[in-house]
Amino acid sequence: MNCSDFESIINDLARAPLQDASERAEALAHAEGCQRCSVRLAEERALTSGLRTLAARAAQAQAPARVEAALLSAFRQRDNLILLKPAPEQPRRARNMRWAHAGIAAAVALLFIFAALFYVQRPERQQELATARDSHPARLVLWNTDTNGDTNQRAGRRVEAVAAPAERDFSPQLAFERVSNRTRDRFEAPGRRLPQPEGPQAVNAAAVSTGEDIATDFIPLNYGADLSNLDSGRVVRVELPRTALARYGLPMNAERAGEPVKADVLLGEDGLARAIRFVR
Amino acid sequence: MPVNTTPSDEELLRLMMAGDEEAFTTLYRRRQGGVYRFALQMSGSEAVAEDVTQEVFIVLMREGDRYDATRGSLQSYLYGIARNQVLRRLERERPFVQIADDAQETDLLSSDIFVATDDPLAELVHNEMIESVRQAVLALPAHYREVVVLCDLHEMSYAEAAAALSCAVGTVRSRLHRARALLIDRLRAVKERGAEPDAGSNGLLNTARCFA
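Chains as they are written, first to last, in numbering that gives the first Met the number 0: chain A, 0 to 279; chain B, 0 to 211.
So that you can see chain B by itself, here it is in the shape it has in the complex:
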């Protein structure tokens, strides 16, 4: 039976804090993707995601000895740092998030459209639908958006998400329930507008205030 020699995140962190550059590189390469995607999905901006990823690992270098394994995984710890960084950026910038053109939004809630086909038109519709979901997630208030990103997009357990967000598991459950209801309402509204004959015919973009 082969012995698993892959060092854990915690072991890599310990080595990294002792000055082991290779351990840092390994840990970074293992965890940077998740941190970057979390920041990207929370902010909708690659530039912000890049900055946040860099800042997360700078903080880890500086304050890695503050990590407490009893309070959650290192992954959750990193997501927690990333979340704070993103919220700080969002608070500072207070952006107006552009919502997609109505004409681009399609029938979302029939599950068959999620199936990729060889039909180019279906593929286009599929892409537009995905963009609608992305915009709907970005338009959620931050405390709802973060649970959707962690639990649904990153498939974290409620406990892991709770550790990352420094809140109770029950809070994560209730926020996720509410967030998904908001997403469904939003996408249902998109579907209804898309069914109207002249919806989006003027080609103008609709914008909505980001509630983050």
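Chain A on its own, in the form it takes in the complex:
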């Protein structure tokens, strides 16, 4: 045996798993006659001894009991774990296609966003919005209901209702008077009775009828609708921000802008809001 052969088996010799007795004897004989290989074998044996001592030191090391407890808990929910198993890996082509689709979708979404921004920001649109704001100070979107003779026949047409007419000579007080008179004529005609509030607000509603509260007349929410055809309905007491007064063209005390204002909403048989009155 030469030094190269000895080097090739020195690990096994030092770690003692070498099974071939004759090879082992031959290697040891070589080490006795070779100073360099003798030193190498001593180093390897010292290392083996050190590693075994290190292993013996750690032999009793174990995972803490909490690991077992956690695993047992997980085992009892094993079905969930199996459900959470990662999906089988898709072929590269399928993955690439998925990314391509996601990219296209993102690009289309960005185009829509930019187009919408462009439409909103263009000068003509801004002018339209400004004009609309000027002419319709209190705008409320409702579903228009055709009540001509048949309250169940719904036209289903979406309209923008305004509380005050878009007239050049618009005046909150004038509008208030005009609406009040018209509503009073329709609801307080002989033989007709104003719908009364329902539910928890019934007490307050009674106060309205007894004059403890001061209320405006009903203001039609759908300005074009004919309230005279409304045979019956319900009144619901609500609270609105005080700024709602201004939206309906009524004077508002700016010092009490943070306080809500009470209002009665008149609902038709179909449940749609038809008119509103403010209560103080």
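If the Cβ cut is set under 8 Å, some of the chain B residues that face chain A in the computed set are: (1) Gln31; (2) Gly32; (3) Leu39; (4) Ile57; (5) Met60; (6) Met128; (7) Ile129; (8) Val132; (9) Leu175; (10) Arg179; (11) Ile183.
Pulled from the structure, derived: some chain A residues nowhere near chain B, Cβ distances all over 12 Å: (12) His29; (13) Glu31; (14) Met96; (15) Tyr118; (16) Thr215; (17) Arg236; (18) Arg246; (19) Leu249; (20) Lys261.
Don't read these hints as lab results, they were simulated from the structure.
Glycine residues also receive a C-beta, built at the ideal position from the N, C-alpha and C atoms.
Assemble the complex: chain A is given as a structure, and chain B must be docked to it using the hints.
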């Protein structure tokens, strides 16, 4: 002649996958120590070892049906999972491993110091030497460290280690040969520095980059 009624790892795994909690507990208690020590010796961190042990058995619960007995023992399979988990952690954290103070490192390569004695000083030196070996193992590159841990610290055969590491037996042999040579070089250097009169006298810690 008594009949061996101890169920094999494979049998316990089969029962466990069928939902037998007792089989899982038995298998866990039988194999957790080795997995935990492997992770501890690979990472040098008890926290990592604890996490890895837990993750290994979670993976076993989830993917135990993927175990193929023809490719190695269940023990090797578990070590393989643990090895992947540890390498993932090491790759993520890229730690700087602190190497022991030179003054604590002693004459390692004279084999008589490995013998425990009643002499307190000798015992102290012995402990320091063991710590030097531990630090030297931790400073090995991961692919060398894992063969040292499996073959020398866990006394696995080359074939078992190869199954755990998913590589050829020849690869394990050559890596172990190289790893042990690196350890000897490192410990020899420690010994030479320890022989210098002023070595480590400033009390500062030396640090070395972990090559894992």
